[in-house]
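Chains A and B are the protein sequences, given in the same order. Residue numbering for the first sequence is 0 to 348, as defined by numbering that gives the first Met the number 0. Residue numbering for the second sequence is 0 to 344, as defined by numbering that gives the first Met the number 0.
Since the hints were made in silico from the structure, they are not lab data. Since we're looking at a predicted model, the values are computed, not measured. Possibly wrong hints are sitting among the right ones.
Unchecked claim - DMTMM-like cross-link-like pairs, simulated, lysine to aspartate or glutamate; straight-line CA separation at most 25 Å:
{"id": "1", "chain 1": "A", "residue 1": "Lys170", "chain 2": "A", "residue 2": "Asp157"}
{"id": "2", "chain 1": "A", "residue 1": "Lys298", "chain 2": "B", "residue 2": "Glu9"}
{"id": "3", "chain 1": "A", "residue 1": "Lys170", "chain 2": "A", "residue 2": "Glu21"}
{"id": "4", "chain 1": "A", "residue 1": "Lys298", "chain 2": "B", "residue 2": "Asp235"}
{"id": "5", "chain 1": "A", "residue 1": "Lys170", "chain 2": "A", "residue 2": "Glu158"}
{"id": "6", "chain 1": "A", "residue 1": "Lys298", "chain 2": "A", "residue 2": "Asp50"}
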Amino acid sequence: MTSFASGVSPKSVAAAAFRLREFGVLAALAATVLLFAVHTTNFATVGNWQDIAADVAMVVVVAVGETMVILTRNIDLSVGSVVGLTGYLSSYTLVHNQGIPTGIIALLAMAIGLACGVANGILVVVGRVPAIIATLATLTIYRGVVFEVAGGSVINADELPGRFLNLGVQKPLGLPLLAWIAIGIALLGALILRWAPWGRDFYAIGSDPQAARLAGIPVGWRVMATFAISGALAGLGGFFFVARFAGIDVTAGQGFELTVITAVVIGGVNVFGGSGSILGATIGAILVSTINNGFTLLKISYFWLTLVEGVGIVAAVTMNALITRRLQVFQRRRRYVELLAARSHGAEE
Amino acid sequence: MARRTATRWEVLLVVLILVCGVWSWTLSPFFLQRANLLDLLTPYIFLGLLAFGLMFVLVIGEIDISGCSMMAASAAVFAWLVHGGTNVWLAAAAVLGVATLLGLVNGLLVGILNLPSLAVTLGTLATYRGLAYVILRGNVRTGFQPTFVQIGGGYISNELPISLLVFFGFAIGLGLLLQTTRFGRYLYTIGSNREAARYSGIAVTRMRVSVFVLSGLMAGFAAIIYLGFFDSVEADAASASELMAVITIVVLGGVSIFGGSGSVVGVLLSCVLVAEIRNGMQLASISSYVQDIVVGGLLITAIAVGNLTRAERTHALLQKTLGGFRKEVISAETHAQETHVPSRQ
Numbered sequence: 000m001t002s003f004a005s006g007v008s009p010k011s012v013a014a015a016a017f018r019l020r021e022f023g024v025l026a027a028l029a030a031t032v033l034l035f036a037v038h039t040t041n042f043a044t045v046g047n048w049q050d051i052a053a054d055v056a057m058v059v060v061v062a063v064g065e066t067m068v069i070l071t072r073n074i075d076l077s078v079g080s081v082v083g084l085t086g087y088l089s090s091y092t093l094v095h096n097q098g099i100p101t102g103i104i105a106l107l108a109m110a111i112g113l114a115c116g117v118a119n120g121i122l123v124v125v126g127r128v129p130a131i132i133a134t135l136a137t138l139t140i141y142r143g144v145v146f147e148v149a150g151g152s153v154i155n156a157d158e159l160p161g162r163f164l165n166l167g168v169q170k171p172l173g174l175p176l177l178a179w180i181a182i183g184i185a186l187l188g189a190l191i192l193r194w195a196p197w198g199r200d201f202y203a204i205g206s207d208p209q210a211a212r213l214a215g216i217p218v219g220w221r222v223m224a225t226f227a228i229s230g231a232l233a234g235l236g237g238f239f240f241v242a243r244f245a246g247i248d249v250t251a252g253q254g255f256e257l258t259v260i261t262a263v264v265i266g267g268v269n270v271f272g273g274s275g276s277i278l279g280a281t282i283g284a285i286l287v288s289t290i291n292n293g294f295t296l297l298k299i300s301y302f303w304l305t306l307v308e309g310v311g312i313v314a315a316v317t318m319n320a321l322i323t324r325r326l327q328v329f330q331r332r333r334r335y336v337e338l339l340a341a342r343s344h345g346a347e348e
Numbered sequence: 000m001a002r003r004t005a006t007r008w009e010v011l012l013v014v015l016i017l018v019c020g021v022w023s024w025t026l027s028p029f030f031l032q033r034a035n036l037l038d039l040l041t042p043y044i045f046l047g048l049l050a051f052g053l054m055f056v057l058v059i060g061e062i063d064i065s066g067c068s069m070m071a072a073s074a075a076v077f078a079w080l081v082h083g084g085t086n087v088w089l090a091a092a093a094v095l096g097v098a099t100l101l102g103l104v105n106g107l108l109v110g111i112l113n114l115p116s117l118a119v120t121l122g123t124l125a126t127y128r129g130l131a132y133v134i135l136r137g138n139v140r141t142g143f144q145p146t147f148v149q150i151g152g153g154y155i156s157n158e159l160p161i162s163l164l165v166f167f168g169f170a171i172g173l174g175l176l177l178q179t180t181r182f183g184r185y186l187y188t189i190g191s192n193r194e195a196a197r198y199s200g201i202a203v204t205r206m207r208v209s210v211f212v213l214s215g216l217m218a219g220f221a222a223i224i225y226l227g228f229f230d231s232v233e234a235d236a237a238s239a240s241e242l243m244a245v246i247t248i249v250v251l252g253g254v255s256i257f258g259g260s261g262s263v264v265g266v267l268l269s270c271v272l273v274a275e276i277r278n279g280m281q282l283a284s285i286s287s288y289v290q291d292i293v294v295g296g297l298l299i300t301a302i303a304v305g306n307l308t309r310a311e312r313t314h315a316l317l318q319k320t321l322g323g324f325r326k327e328v329i330s331a332e333t334h335a336q337e338t339h340v341p342s343r344q
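Produce the complete structure using the sequences and hints provided.
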């Protein structure tokens, strides 16, 4: 019995898998940084790093919610459209009511995003529509709402109040304000996933939804919560978008869901749920944003980016599955050896 | 049981088509003219062909959301080749070849590496779209050879669209493939229970790879129809709203997203229905964005309603079984009491 206890626990296998994935992503990031630093003149400058940090901030904020959704073996494809919708509606409100405090605008964007997320959650939990199809439908629906409401009009920087525009350029302690907010959100998300009982439930649901249900976890409410969080954070992402680019049009955030999912999946979050971390997703976001930035500096056409993201998703999914399988085999072999040892030990006695 | 529900679903579709027809007729008396009715499906035939491809993938219990991207990528290859001076028919053959190859990549990733099809095709959705962007950049290519364009946009005696004949040809061919061949039967078997299918000796892996290849091939044919109908192509041809329309057609046609059921007739009918709804909304001059919202709502409703009726049926079946079980238990108890009582005396 004691020999079993000293064997490889599922926890340590998960930890090993995590380390392997983390290491892989970090190595890829280091290689990318080195490549760009050598091949471009202005990559390794403070200004450019600050630029990347602001890009990363937007991806990370949305990726925290997406990570939670994917952990429960679901997916949220609508985040790009939610970014566009909330960004447009909140800045439209600001343009027509210049006196509203910036914080209220951020809350408004998050509230609209929350409503979108709850709608996704209802479709998945109550309607039992598979998440990929439900959120593909709402991706088109939310985008349709933006088009219908905005009708092709654009919000420019000169329409927005100065204190709002200030938000995107402030750099306390050398890091953009948006990045500081994103760090706060990522920390909060990581704490919830690590310590909050309901956050731990996300992993349980993703590992085995049926078992989680039998163990008494309110699966429906938890899945609903992940979609609500993802929606609200995508709303904050929309606010970030307007703050960063000082304006917005109806196509804002188109394809952004792929960037976010690439970041999350490259960061080692298992697309089949149950494993992954905010830290990994954040490193993934840094990698994706760095590649994006480097491409711009190298004057590689923007058209290559979608291709790179797609290949990134496929490669990450493949690597993840292979690593998981290898570890499972390893674990099974260890158990078998220990079982044999325990038997022979028993026979000697 | 399953057959009866399937028939009922198709009857429902026919009723909806008729209702929608009456609605369109009230919007415009021209709707019922023969030329309009014949031309109703023409703009949606490439979606219908993509839907046929997706249907095979769904029946076997997988999903392929990269169809529209495969179509765009292969159409981009066509435009690139023709722009470079290649013969148009050679380029058309290349379209089919490229699309099949892209489908094969999906199939190998899913079948051989045993990765979840949802994640794989999400990745290739972006990859293939990226290919289209890299090949075409921001260019719009137009003005292809007139004879080639006839396939997707030509008419026989100025009335009957050639693409409609192509579409019905595929419907009949694929329907026969699904209903009468061993290949088709095996698809349903694997979709109902993959492990059982494997244990009964079906080459599951080969079948899983081949449905993705078929899906790719259908995307190639869809590209040829698309190129003919629009006589132009750009890299973001057939994006999210078209992908959603394809999934709507398949799901509304009664194909289960969990595998094991679906028919070509259902998909054909739902293709007509979706075309009719779009056409009606255009007659009512509703903006294309609202049209997308309506189609999205239709997709969600179709799945949710399907799920709810299925849940109800399962519930009824469970109650029936439980009721029978309860009766058995009660009769066994009374029997035990009956036998117990005399033994006491």
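Check: Checked against the structure, which of the hints given earlier come out wrong?
Finding: 2, 3
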